[in-house]
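Residue numbers (UniProt numbering), protein chains in the order written: chain P, 1 to 254; chain L, 1 to 254.
Among these hints, one or two may not hold up.
You can't tell identical chains apart in this list, so a pair holds if it fits in one copy or across any two.
Said to hold, decoys possible - List of simulated lysine to any residue pairs, SDA-like, C-alpha gap at most 25 Å: (1) K148 with E210; (2) K73 with N36; (3) K196 with P160; (4) K110 with N43; (5) K201 with Y168; (6) K153 with A244; (7) K73 with L118; (8) K73 with R9; (9) K73 with F40; (10) K89 with S150; (11) K6 with Y75; (12) K73 with N53; (13) K196 with G175; (14) K196 with R224; (15) K201 with I228; (16) K110 with D229; (17) K73 with S179.
These are computed hints drawn from the structure, not numbers from a lab.
Residues per chain, in single letters:
Number of protein chains: 2
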Amino acid sequence: MEKLSKIGRYDFLAEPFHCDFSNHLFMGHLGNHMLNAADFHSNERGYGMNYLNEVNRTWVLSRLAIEMVDMPKAYDRFSVETWIDSAMKFFTGRNFKIVGESGHVYGYGKSVWAMIDLNTRQPVDILAVRDGLINEYVETEYTCPIEKSSRVKMSAEADPIRSIDTYYNDVDVNGHINSVKYIEHVLDLWDLAWYKRHTIKRFEIAYVAESHQGDCLHFYREQRDTDIDFNVRIAKSNGGGEEAEVCRCRVLFV
Amino acid sequence: MEKLSKIGRYDFLAEPFHCDFSNHLFMGHLGNHMLNAADFHSNERGYGMNYLNEVNRTWVLSRLAIEMVDMPKAYDRFSVETWIDSAMKFFTGRNFKIVGESGHVYGYGKSVWAMIDLNTRQPVDILAVRDGLINEYVETEYTCPIEKSSRVKMSAEADPIRSIDTYYNDVDVNGHINSVKYIEHVLDLWDLAWYKRHTIKRFEIAYVAESHQGDCLHFYREQRDTDIDFNVRIAKSNGGGEEAEVCRCRVLFV
Numbered sequence: 001m002e003k004l005s006k007i008g009r010y011d012f013l014a015e016p017f018h019c020d021f022s023n024h025l026f027m028g029h030l031g032n033h034m035l036n037a038a039d040f041h042s043n044e045r046g047y048g049m050n051y052l053n054e055v056n057r058t059w060v061l062s063r064l065a066i067e068m069v070d071m072p073k074a075y076d077r078f079s080v081e082t083w084i085d086s087a088m089k090f091f092t093g094r095n096f097k098i099v100g101e102s103g104h105v106y107g108y109g110k111s112v113w114a115m116i117d118l119n120t121r122q123p124v125d126i127l128a129v130r131d132g133l134i135n136e137y138v139e140t141e142y143t144c145p146i147e148k149s150s151r152v153k154m155s156a157e158a159d160p161i162r163s164i165d166t167y168y169n170d171v172d173v174n175g176h177i178n179s180v181k182y183i184e185h186v187l188d189l190w191d192l193a194w195y196k197r198h199t200i201k202r203f204e205i206a207y208v209a210e211s212h213q214g215d216c217l218h219f220y221r222e223q224r225d226t227d228i229d230f231n232v233r234i235a236k237s238n239g240g241g242e243e244a245e246v247c248r249c250r251v252l253f254v
Numbered sequence: 001m002e003k004l005s006k007i008g009r010y011d012f013l014a015e016p017f018h019c020d021f022s023n024h025l026f027m028g029h030l031g032n033h034m035l036n037a038a039d040f041h042s043n044e045r046g047y048g049m050n051y052l053n054e055v056n057r058t059w060v061l062s063r064l065a066i067e068m069v070d071m072p073k074a075y076d077r078f079s080v081e082t083w084i085d086s087a088m089k090f091f092t093g094r095n096f097k098i099v100g101e102s103g104h105v106y107g108y109g110k111s112v113w114a115m116i117d118l119n120t121r122q123p124v125d126i127l128a129v130r131d132g133l134i135n136e137y138v139e140t141e142y143t144c145p146i147e148k149s150s151r152v153k154m155s156a157e158a159d160p161i162r163s164i165d166t167y168y169n170d171v172d173v174n175g176h177i178n179s180v181k182y183i184e185h186v187l188d189l190w191d192l193a194w195y196k197r198h199t200i201k202r203f204e205i206a207y208v209a210e211s212h213q214g215d216c217l218h219f220y221r222e223q224r225d226t227d228i229d230f231n232v233r234i235a236k237s238n239g240g241g242e243e244a245e246v247c248r249c250r251v252l253f254v
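Just chain P, same shape as in the assembly (with noise of 0.2 Å):
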């Protein structure tokens, strides 16, 4: 395999029907295009899930940020680039930066990944893949000028807002409810009414656990510091059984 860059570089466009009412890019279409990225960078470097999947393993996310300036137009053609800037034995860390044809910084990502056995669904070691051929990508130089994500802390009086079934359309071919799934439905929690007065500033959410189609999952939502920052947490049931935590996640809004 000939040696590729540290940096991927991809293209996309913002498509119309991929627009929110005020006719820019959907924040899960966002990300969406960032996992994307995430894959064919991994893919062309030899450690993606193509090659996982022969060796019995995958990646998992476990935590995305995304901080934005601004969200791209429909139309609009902007490129993710991505690339690990830290590879550890349980967990690598990947950045992003969303970049307009011109220049223009649109924003940044963050996110921690894990890699898990296939049939135990444990954690196995990165660094074992491939000889750490990861390591020889790592690229720590490129800037990625936002803040990790950190640890969501709610309380047990956080509100339940809502409660959704989850459908066929939710599950990826893990058999498991999509990533960027939680995000819409997250973002969900706040109507067109709310959107028309503040835009998504930084979004943050740490996967626990996953869920199934068939499973109920609720939402419970708390004010932070101030009334246009919030804390999310998902939780799942099915069948009328205990909750179990799914995910949590931070909105903030300008």
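Given chain P, work out where chain L should sit, using these hints.
Showing chain L alone in chain P's frame:
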């Protein structure tokens, strides 16, 4: 504007996160690619949304039928070919052909579009736009060997299956529930266990009225002649008022 060929061809990738549990592209995402192809095709030829919005008009999708042999799998590259096969005063017919890299034909689509005035929301004369420019692009020879949509007849006894609320992510730039979201919601009426035994052979949807964020959508389903052939009606209500029909579908499985 340079005179382009009558048939447009647009390339897409079956993105991994747009695929279902079986690793095949979701019908909703295919529908989205088809709408993109239609949008690119008409814009490039001077009678697309970009021009229409300047003269206070827009295209409205009235009917869409998709009939598939099989669905692209994750990472498959495919093209959507699209062309106008008839242009009348109030309706235009647009066909689609979904072709793989090696020439494999995945399936076809047929659609009917109207044009409306953005203020009155009333139909306007399509042939009056740019002196009937669209007529120069009508292609009647290229084959699209699937049946047109036919009117879906539903009895008053169709079973109410589900009611769902609509949120921020359902709404497009026109302030309406996105055409593709209806497709997803309809296909969500069957669960994963059903899709493990059946695939979608043909999907038809006729759009009757617009719905908006905050509307509650009610889904009614009834079997046709066989137990793999269904009609679905979507109705909307808002704030406890009477239900009004939004669209009708047919879903045929194999």
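Here's how the hints hold up against the structure:
no., hint, verdict
1, K148 with E210, "within (23 Å within a copy, 42 Å between copies)"
2, K73 with N36, "both (19 Å within a copy, 15 Å between copies)"
3, K196 with P160, "within (24 Å within a copy, 34 Å between copies)"
4, K110 with N43, "within (19 Å within a copy, 36 Å between copies)"
5, K201 with Y168, "between (31 Å within a copy, 17 Å between copies)"
6, K153 with A244, "within (16 Å within a copy, 44 Å between copies)"
7, K73 with L118, "between (39 Å within a copy, 21 Å between copies)"
8, K73 with R9, "both (20 Å within a copy, 24 Å between copies)"
9, K73 with F40, "both (24 Å within a copy, 16 Å between copies)"
10, K89 with S150, "within (20 Å within a copy, 59 Å between copies)"
11, K6 with Y75, "between (28 Å within a copy, 22 Å between copies)"
12, K73 with N53, "between (36 Å within a copy, 16 Å between copies)"
13, K196 with G175, "between (35 Å within a copy, 12 Å between copies)"
14, K196 with R224, "within (21 Å within a copy, 43 Å between copies)"
15, K201 with I228, "within (10 Å within a copy, 46 Å between copies)"
16, K110 with D229, "within (19 Å within a copy, 46 Å between copies)"
17, K73 with S179, "both (23 Å within a copy, 20 Å between copies)"
Consistency with the previously given hints is maintained throughout, with no hint failing.
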